[in-house]
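Undergrad: Read off the chains here:
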Amino acid sequence: TMPDLIQQSLCIFGTGDLGRSLGHRLFQSGYRVVYGSRRPDSCGPVPQGAQVLNHAEAAQSSRIIFLCINREHYSFLQALAPQLNGKVLVDVSNNPEKDMFPEANAVYLQRLLPEAYVVKALNTLSAWGLQNGPSDANRQTFICGDSAEAKQAVSEVCTRLGLLVLDRGGVGASRELEDFPLQLFPMWKLPMRIAVGLSGAFFFYLLIRDVIYTYVYEGKDVSFRILVSLANKVFPIVSLIMLALCYLPGVMAALLQLHRGTKYRRFPDWLDRWMLCRKQMGLVALALASLHVLYTLIIPIRYYVRYRIGALKNQTTEFFNILAWRTDSYYSMGVLGFALFILLGITSLPSVSNALSWREFSFIQSKLGYVTLFLCTLHGYLYGWDKFLHLYSYKWYTLPGYMLSLVVPTVVLGLKLLLLLPCVDRRLTRIRRGWEHTPQDPSVQKLLI
Amino acid sequence: TMPDLIQQSLCIFGTGDLGRSLGHRLFQSGYRVVYGSRRPDSCGPVPQGAQVLNHAEAAQSSRIIFLCINREHYSFLQALAPQLNGKVLVDVSNNPEKDMFPEANAVYLQRLLPEAYVVKALNTLSAWGLQNGPSDANRQTFICGDSAEAKQAVSEVCTRLGLLVLDRGGVGASRELEDFPLQLFPMWKLPMRIAVGLSGAFFFYLLIRDVIYTYVYEGKDVSFRILVSLANKVFPIVSLIMLALCYLPGVMAALLQLHRGTKYRRFPDWLDRWMLCRKQMGLVALALASLHVLYTLIIPIRYYVRYRIGALKNQTTEFFNILAWRTDSYYSMGVLGFALFILLGITSLPSVSNALSWREFSFIQSKLGYVTLFLCTLHGYLYGWDKFLHLYSYKWYTLPGYMLSLVVPTVVLGLKLLLLLPCVDRRLTRIRRGWEHTPQDPSVQKLLI
Amino acid sequence: TMPDLIQQSLCIFGTGDLGRSLGHRLFQSGYRVVYGSRRPDSCGPVPQGAQVLNHAEAAQSSRIIFLCINREHYSFLQALAPQLNGKVLVDVSNNPEKDMFPEANAVYLQRLLPEAYVVKALNTLSAWGLQNGPSDANRQTFICGDSAEAKQAVSEVCTRLGLLVLDRGGVGASRELEDFPLQLFPMWKLPMRIAVGLSGAFFFYLLIRDVIYTYVYEGKDVSFRILVSLANKVFPIVSLIMLALCYLPGVMAALLQLHRGTKYRRFPDWLDRWMLCRKQMGLVALALASLHVLYTLIIPIRYYVRYRIGALKNQTTEFFNILAWRTDSYYSMGVLGFALFILLGITSLPSVSNALSWREFSFIQSKLGYVTLFLCTLHGYLYGWDKFLHLYSYKWYTLPGYMLSLVVPTVVLGLKLLLLLPCVDRRLTRIRRGWEHTPQDPSVQKLLI
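Residue numbers (the UniProt record's numbering), protein chains in the order written: chain A, 1 to 449; chain B, 1 to 449; chain C, 1 to 449.
Isolated chain A (complex conformation) (with noise of 0.2 Å):
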């Protein structure tokens, strides 16, 4: 990039390996570059061209200063207050553990300098990022602060530095800036355990059904099973239940508002925390759904099956009508229910669902998933036809797999049937809007949207 025509010097306090990163990517983009340390005649390698000084003389360069030091330091810049007054300090720091302390570093380093103003950035970038320039999930920087001059001066640096800005207020969402970079994909915990706990449980359930009950019974070894056809047992279950724990908290909450007559009480805590991971939970589920579907996929060009296909040959001489209507109709519904989950998977990427109004996402995510579990359920019904009937079905007194996943979605169906019922819907509508069990007055009833 082209140096500036006029070249603005940035200050820089802390010599390790953020201060360096940082000050070489300042360099780069036009900059000058002066160093606060405290021992400026030894502290080590430096971008060539910058400048060491002491923290005092450094802090008189330039009107912005990047703090890349440890918080347990911020209390020795106390004693530099006179000559922070009006500067603009850069919190870039970062902890290594959540809640490390009561306050966020940047919420103490304003407490501590009240006289300068406190600007939270960069610290969501890491090190490598910040040297090298944007990449990916290194493209933009939070900012947060107090004052909104301050913040302005910081951005234009940031977007000189080729970073997209997005202010997130004052420096109280500091905390929130600095917990962004430890998360792990906090929302998909829950999810997953539900997923691993599932699938683990299933699996065994199936493996003393499949494998073992045949070993037992028929003396053959069929575990090779395991890594195909258990698996494509195990995926679409557990799948199916979690697609029907995705609606089942919003129809619970629907009920416990009939039940309250109002929708101003809180839901319970495990309500809340079940509703705001609805979406990861509906992307794990579309995951098992899609391995599911490669699964079946390759049935045909296993060598298990090819034998089978082979041996049976032979036998059947007569075509049933009533068996091809079974497995064609429970092949398509599987096909549409599995189109239409792919739907709700694409409207879900961040950018797709910015680009819908509200009206739009509840049409696809609520109606069309509604319709999306119905197709899935049908599937599976239809894939069990009339295996219920028959004495076979239930080894050692248990039930199959499959009837076991139809249960939680036939639950959630049928209770969203009830709340599609003319009465009740009516009496769910107005509560939503704002209707209360408890008479108002009447009066009111001018102002109300």
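In case anyone wonders, no lab produced these hints; they're calculated from the structure. Treat the hints with care, as some may be off.
Identical copies go unnamed one by one, so any copy, or any two together, can satisfy a pair.
To be verified - With a straight-line Cα cutoff of 25 Å, these simulated DMTMM-like cross-link-like pairs (lysine to aspartate or glutamate) come out: (1) 279 - 360; (2) 98 - 41; (3) 367 - 97; (4) 220 - 149.
We have chain A; now place chains B and C onto it with these hints.
TA: For chains B and C alone, kept in the frame of chain A given last:
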């Protein structure tokens, strides 16, 4: 979130559902909330910690006033004009339907109170989204208004609520903001109607040709074929026709420009409308093509197919190379065409198309798009192979479905080839660079880009 | 869109194609447009309602002047310097090729007219996009310039045109803005060349091994295998090699840092270049893997395969468990590896990677990425199973294709395992935190982060 060090006061007029949701959220973000109500003493429950005063007193407490009242009460506000001078009035209203009033609500308000600064914001969020914070389709708000400084003040509040603020210009843009929450996929209506219409038409056409003809002439009931076999003919036929309909308007527009000798005359309305929904038409075609792929891949696991393979196994003894070439070639073309089709779909995602330059986007959607259309059409021709030579294809003197599907694509590709001829292409490029059939003053050449 | 209450005047220099498109759009958005032209009386058609004056008069009508003239005419503007002082000049120009001139157009302009405020904007939009409003790849504009106030004024106009404005810094960034519309997937050139090169090489290699060898030794013409069977060997081989090539530079960079004992020395240019296009290389590998999956899934419906299954059906009578384990295991690894590969692709989408923190992005792309590479390599080894023991695999003393494909991935996984050894990992982590082989002054430890 942490309370801010300096607590700012905000005023809300209206204690209905929207007013309460907004007040609750502002309070959670650290603001003091003061309500203005006609009857401060009996206005119903408000979020705890909020004060309720009459309108005139409430207006004095804050520079920014959120109007959560119905449009029909805006005229009452005129009586408060003295107190509202110089205030920032945030119009949060929505109408139940489009075009209910000649003026947009915010424009009407600004007309009633010319001394106040009207800013339209937050109207695209659902009440639930407003109360509970950012969620999908609720992460951003549009803002518009004539005063940049008033918009800045409102932006800061929205930012503190965790929303991304998108400025849409002056108060004249509020019609667009008020229409946004009412829309339900406006650009998708025409493509969906075309898809449903074509699908229905071809379904009945093929029903007669396949199922009814077989029943009449062979007495066999093959109605089970409706679910998968028939679907797997209707979907690819409609998909290919709609993909060709994506490229037909571009070709027609080019021919129109060539005929008229200029690019500055407007296109007919129907052509404009068609060109605006090309992307949605292509995505519907892609969805149908994906269903076609899924239905094709489950062919080998259908009972009907396995039965037929078993019955036929005893017959064929000789291997025909030409049959191997035939099936492999049209499958190969189908796979490649579908893969490119998926690539077109991926580049239609908002975040991907925003990251591309115009030249890159045009390369993929236009050049690679025509390659996709070509491969899919070739797939259709290779599928047909020599069926057109056999009499049995023409049941009751009707053409097979695949022949009908190849008409539009062949026409489009033929016209595009015509447009690629050097003489035609040269003339069209000149017209697109601003040349017109009527010669201009050569001295102007100097200033042309 | 509604006309604004206060009609602002804007000036455009230049009545060529770009000037006319821009003027048309500004007029539609409610502005009064005044053109400046050398020959106001005979300059050709301008949008209705626009005035045409000479440059000096036109410049007085508005603070903002859009320059829609060629760079070669910028020097003429110097004569107008008195009238242009203090004006905001918006440079909309593009050059036909990169690096045509030593300075960027906007920098050159600012140098010619130092008293004016030059702002670069709108140059990334196509003329069609400019005239007809926002469409894909035409929704945003980059802006750069030295004066924040001038940029603000131009931003407001762009916002009213419905564009999102992205600030890129000072006028020194205009080179980047001028290069953007000229690029055609610059980061994809190297990966595409590698993909095409490897595909071509392996295609001919396997053509000789499969088709020509069979013809020479058995006299059979199996050339139909080119379309699907051969493709379905070339695609997975190249895909696996390229996926390994994504992770190889990371491993090499780590070994280089270990060898040098520091992270502050620059990598060789070729390594830098390789590391910058890793994402594109991975996406090309994903595309080839997807083609491999599609070609594999259509295997059972190919005539060639059905014939072979029919012929073989009479032979096998015994069921080999080991064969069932073999096929099921490598299909299972393939499905799981492909599913993870798709997840890597989804997180590469701009909107998804922007929503992730650096830690989350690194977890998926790095940790899960190596798991993907491992599963796909295992898929290859299980596919081979015991083929390497059989002489028939080595036709004309050449190795089977799959063996060649496993070389690079095995090397990468081996080196990565080496880097995971505790002693090696500890040293590398220290180097990455700023430690260097040359000991530093221990008193600096206090300021290191």
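Undergrad: Now tell me if each hint is right for this structure.
TA: Cross-check of the supplied hints:
1. 279 - 360: both (16 Å within a copy, 18 Å between copies)
2. 98 - 41: neither (36 Å within a copy, 45 Å between copies)
3. 367 - 97: This pair counts as between: shortest inter-copy Cα distance 21 Å, intra-copy 41 Å.
4. 220 - 149: neither (78 Å within a copy, 80 Å between copies)
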